[in-house]
Amino acid sequence: MSVSDPLARLAVRNLDDLIGLVPFLIGFHPEESLVVLVIEDGLVMVTARVDLAAIGDPAGIGGLVSRLFERYPAAEAWFLAYSAQEGPSWEVLGWCAELCGAVRLGRLVHVDGSSWRADSPQGCGGVVAASPAAAEAAVLGLPVRASRQELVAQIAGPADDQTDALLAEVETASNELAKLSPAGRRRRLRWLCATADSRAEFVQLAVLATDRAAQVEVLSRLDQRTAPAAVELWTAVIQHSLVPYLIGPLGLLGVAAWLTGDGAMQTVCLERLDRIDPTDPLAAMLDWINATVLPPSDWLGYRRALLGALTDQVRLLASPVEPADS
1 MSVSDPLARL
11 AVRNLDDLIG
21 LVPFLIGFHP
31 EESLVVLVIE
41 DGLVMVTARV
51 DLAAIGDPAG
61 IGGLVSRLFE
71 RYPAAEAWFL
81 AYSAQEGPSW
91 EVLGWCAELC
101 GAVRLGRLVH
111 VDGSSWRADS
121 PQGCGGVVAA
131 SPAAAEAAVL
141 GLPVRASRQE
151 LVAQIAGPAD
161 DQTDALLAEV
171 ETASNELAKL
181 SPAGRRRRLR
191 WLCATADSRA
201 EFVQLAVLAT
211 DRAAQVEVLS
221 RLDQRTAPAA
231 VELWTAVIQH
241 SLVPYLIGPL
251 GLLGVAAWLT
261 GDGAMQTVCL
271 ERLDRIDPTD
281 PLAAMLDWIN
291 ATVLPPSDWL
301 GYRRALLGAL
311 TDQVRLLASP
321 VEPADS
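At position 171 of the sequence shown the residue is numbered 171 (the working numbering), and the sequence of numbers has no breaks.
Just so you know, the hints here were simulated from the structure itself, not pulled from any lab data.
Beta carbons: idealized from backbone N, C-alpha and C, even for Gly.
Don't take every hint at face value.
[As the list claims (entries may be wrong)] Have a look at the derived ranges for each label pair, beta carbon to beta carbon:
hint: 1; residue 1: 220; residue 2: 154; range: 49 to 57 angstroms
hint: 2; residue 1: 103; residue 2: 186; range: 51 to 59 angstroms
hint: 3; residue 1: 73; residue 2: 14; range: 23 to 31 angstroms
hint: 4; residue 1: 292; residue 2: 244; range: 28 to 36 angstroms
Start from the sequences, fold in the hints, and give me the full structure.
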């Protein structure tokens, strides 16, 4: 699932606007996807996407619908199924209508790539084309990629032919950082977060970000104003990070991307974290943000509690409970 909450909430005037906005709201052009838009007073409040293949029955979407309405109790939901298969798409859309109820249901739309049809297989339709809302989204700088695979490629890390050189650079960075005191490492972290622009500095950040205290330090200074620069920084660090050093940069990029409204990037970071180490506290934080549909605008209100939970979880993982005497 991906959830996004754009910094600028865009007005939806009609179905053409809605369909034109979707790639900007989820970060890429969807295929074989169900997209849920929560709309209140004509404004898109939050957008969620799930793979159609992951929805085997109504329960497959019921939990998401419940969480969205819990977060936005006065809103309505619009459901868009993106697929070349018309029959299965309308079956899923029918489940969505039943789960939502007539009072909370906006519109049901099937999009087959070049055209759309609303409310039923025999309902009104149109062609997928540029819309004024999509133009506004482009001007605002909301990211859109050709596909989800393009997102995955951005966090794939360095190419195999760079491994040997990076191993040597990691050793150099580790030796240099080991000479610093804890306070010195914090100062180096802050300086690099503000100025890093070279391969050696990105490698140093990858090494520093393995430390939980460093992760908390970065997150404590992160907000919606600084998030775009953080996305650029940690994307660059990931491109110079070998697998043992990827967890910190992936988690920090995931939070920063979420703060910019890029829920798709947040989700692919979480998916890669889950493959590397699903027990990592940063993965748990991103998963909680997704599960609760927390809007980025609430970050400052939750940041202290989330960082406290992150610190406590780190302590718990580092100090396993001894078995009781029998």
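These are the hints, each one checked on the structure:
no.	hint	in the structure
1	220 - 154: 49 to 57 angstroms	violated, 25 angstroms
2	103 - 186: 51 to 59 angstroms	holds, 53 angstroms
3	73 - 14: 23 to 31 angstroms	holds, 25 angstroms
4	292 - 244: 28 to 36 angstroms	holds, 30 angstroms
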